[in-house]
Amino acid sequence: MAKAKPAENEYEDIPGTFVFNAERSREGYGINMFCMSLMKDENRKAFKADEAGYLKKFTLTPDQTDAILKRDYNRMLELGGNIYFTAKLGATDGHSFRHLAAVMTGSTQEDYAAMMLAGGRSVEGNRSKSGNDAPAKKAAAKKAAPKTSAKPGSKAKSKSSAKKRK
Amino acid sequence: MAKIIAGLASSHVPAIGAAIDNKQTEDPYWKRVFSGFEKTKEWMAKVNPDVVIGIYNDHASAFSVEIIPTFALGCAAEFPPADEGWGPRPVPIVKGHPKLASHIATSAILDGFDLTIVNKMEVDHGLTVPLNLAFGSPTEWPCPVIPLAVNVVQYPPPTGKRCFDLGRAIRKAVASYPEDLRVVVFGTGGMSHQISGPRAGLINSKFDKSFLDRLTKDPKGLAAMPHLEYMREAGAEGIELVMWHVMRGALDDHVREVYRFYTVPASNTAVGNIILENVGKTGKKPAAKKKAKTANKTAKKGLRKAA
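Chains as they are written, first to last, in the numbering used here: chain A, 108 to 273; chain B, 3 to 309.
Keep in mind that the hints are not guaranteed to be accurate.
Claimed, not checked - Subject to a maximum C-alpha distance of 16 Å in a straight line, what follows is the list of computed EDC-like cross-link-like pairs (lysine to aspartate or glutamate): (1) B:Lys208 with A:Glu231; (2) A:Lys236 with B:Glu231; (3) A:Lys147 with B:Glu124; (4) A:Lys147 with B:Asp85.
To be verified - In silico negatives: residues of chain B with every beta carbon more than 12 Å from chain A: (5) Pro140; (6) Asp167; (7) Arg234.
Unchecked claim - Some chain B residues judged to face chain A by a derived CB distance under 10 Å, without partners named: (8) Ser66; (9) Gly199; (10) Leu204; (11) Ser207; (12) Leu230; (13) Ala236; (14) Val281.
In short, the hints are calculated from the structure, not lab data. Idealized CB from N, CA, C, for every residue including glycine.
The following block holds chain B by itself, in its conformation from the complex (with noise of 0.2 Å):
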């Protein structure tokens, strides 16, 4: 059975692409960045999982305002990277996993997410980013990757808790998924931001702060915050924080958080990146508490044998 492992959340912010397709990842003002997602590459190649699931939002690339969906699942073979302006970032094509993906589909819309489903579809910085700064610049990447876009660019985007119990909705999904698959799921966008209007350039660290610490001990909690408390906290774009709500949806309610990382700025926007595993799944602890059981177990036997 497939089984997801493990959750990452990132900020996708386009500079980031930028500085590593113009190769100045080693400038101080980069390398301050990038230096905080050494630690993420390692996990991840440690990992080694067999797809992600990508969550994340389009910026005016794939989507316009002729069709605005809510959620939109990838359910391509391929997803070749978006030319945003300046041509297509020299990433390579995200090759997809139909079967996965809708598997998803249906299991999800049966459960009552009415998912819209892409055939067809170019991927921006919001998906491509992420891959960069979890896997680095490779000439493939090494795993399948499942997209799913979320509208964040016209309000309403969809509210923290339908986020939530999306990725609950995907977890179920996967878990009954028969091939055996180790899966990864991605919660990308924020952290606080605003790149529009006199306000540009808001940044607000104590709410991301707290976004984070939540994010692992009270993610239910979290996920009911109101759409007005992001953007009068975190920013007009800080809203897509939201998105991170379907990866933390998609773990276990108890996670272990492996690894967190936080700084500003990079261009207009605080980064923000953790990795939080299921504890049941790959923690050690568990494990090792398991043994303890079953030692506890045989212990009591051999009381009961002995009297």
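The shape of chain A in the complex, shown without the other chains (with noise of 0.2 Å):
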């Protein structure tokens, strides 16, 4: 994402989120449609059998194939991949949501549970890439919010902060 994006993009701000707008959804279509063809048995069982050739039988980028190939779940996203999408080629992987949580925060799956049940990521430190992270309506009234807790890379890279929490 460029930059300078007018007012309308500033949740490009948000640390940690691909948020899943007109752009990546015109971008990521193959990758969408390509998911979507899971919900067919046979089709799961065509994929499974030869993954590479039966990507060739949707418009995918030569990135694109890579990321789904190697179930790089946040390089998805980040090129219009949509989570309810993606979360079907886990799903033909066997895996539960909870594995594709861990895999996209960089966290193994019992971290990622027991952050859950010790309440969640708190939003505190996590609101935004600019620095900006104090509630929108408070934000002069708490200038400098902590930063400690939780807080993601914008890239996929964020394994040693999710371990930070419990």
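Dock the two chains into a complex; use the hints.
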């Protein structure tokens, strides 16, 4: 994403988040239609039998194909995949959603589950890439929100930070 | 005449459906969630509506990226449960109310809401999980359900205000339906959660509690919240909460909060549930007030007569 985007793309400032907007939807059409095809058992079998061959049926860039083959879920989101669609790929692999969440947050399934049981990832320190990290309306009052809790990186590499949480 | 008597909002976490289907509701983890809906089920059984209008979103089940309707109203007679990758949920087929649904479509479209009319649609956990939470697991759902699917998958979903105003249009439509029907509107989805990307697992209880408070007391102010605030504060997928405004818009300005339940987590999500009754229609207070008023009038009349 280019930096000087109009205000409507302000959400690109939210860390660790790929908002599925029209641009990503257009770019990721092939990824999402591929995932959608996995709703049918015969397609799941065909994909598992020859993954690269099966993917040729869809309009995908080499990067997108690579992300799918490597099960790089964050990269898929970045390249226009949507989580409700990519979750179908996870299900085809026989993985629970927790597995996907662990992969995306660079955590282990156990750590991720423990974080959720402890109340989830805090919003404190996780609101903004640019440091505008106070709640929208209390921005002035709470100038320096603590930036300690599990803070995801804007890219896929967030292993160390996610592990900080119990 | 038909009338909307109450609204119910609830999260629609897929794992809740899986817990029901796999008979894990008594596990301590899940019992914490399900016990919070016991009161809801009791209330629902007591209210026993003739029709439910279920506001929910499809999760790449009926709609892929090929067609993305912003508001899709189910006008069919039946809506089978969708296969979401593990076979269709073992829940009853959702029976619609085609006559009321097409009446709503006609009225709302002429009112300025260009609804998409859907005559064939499978429904996923977004609709069926709240039905379970409200009605339990009967062999047939106890009343017809009109599904209204809202796009919250591709940004932007409709604004909170637009959702609220659609609720208003639905209220108007229902009120002009000739048959005597008691209708309850469900708003589903939320509360705070993010299931995508490195920030997955985000929960914001403070936001959620304030949302529940304002839903009753400051619905119009709440509906003005910009999308950015949902995504930043309640997680990328927390934006599902816009659907609750449709339910709220379908109710009167003044409502009575009958019940509320909140717990964290169910899988990746904060679970919220609230029941709001139209004060004028079902509450006991207004009836008492009315009586008082009449009594007052009679008293006044009496006075006049005496004078």
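Hint-by-hint comparison with the structure:
Restraint check for B:Lys208 and A:Glu231: satisfied, since their Cα atoms lie roughly 11 Å apart, inside the 16 Å limit. Distance check on the hinted pair: A:Lys236 and B:Glu231 sit about 15 Å apart at the alpha-carbon level, within 16 Å; holds. The suggested pairing of A:Lys147 with B:Glu124 holds, with an alpha-carbon distance near 15 Å, which does not exceed 16 Å. At most 16 Å may separate the alpha-carbon atoms for a hinted pair to count; A:Lys147 and B:Asp85 meet this at roughly 9 Å.
Taking the minimum C-beta to C-beta distance to chain A, about 28 Å, the non-interface status of B:Pro140 holds against the 12 Å cut. Residue placement check: B:Asp167 keeps its beta carbon more than 12 Å from all beta carbons of chain A (closest about 21 Å). Against the 12 Å criterion, B:Arg234 falls within the reach of chain A, whose nearest CB is about 5 Å from its own CB. Taking 10 Å as the C-beta contact cut-off toward chain A, the hint placing B:Ser66 at the interface holds, the least distance being around 4 Å.
Evaluation of the B:Gly199 hint against chain A yields a held restraint, the C-beta minimum of about 5 Å falling below 10 Å. Satisfaction of the interface hint for B:Leu204 is found here, the shortest Cβ-Cβ separation to chain A being roughly 5 Å, below the 10 Å cut-off. Against a cut-off of 10 Å between C-beta atoms, the interface hint on B:Ser207 holds, since the closest Cβ of chain A lies about 7 Å away. The beta carbon of B:Leu230 comes within 5 Å of a beta carbon in chain A, closer than 10 Å, and the hint placing it at the interface holds.
Taken as an interface hint, B:Ala236 checks out: its beta carbon lies about 8 Å from the nearest beta carbon of chain A, inside 10 Å. Hint status for B:Val281 relative to chain A: violated, with the closest Cβ pair at about 29 Å, above 10 Å.
In summary, the structure is inconsistent with hints 7 and 14 from the numbered list given earlier, while agreeing with the others.
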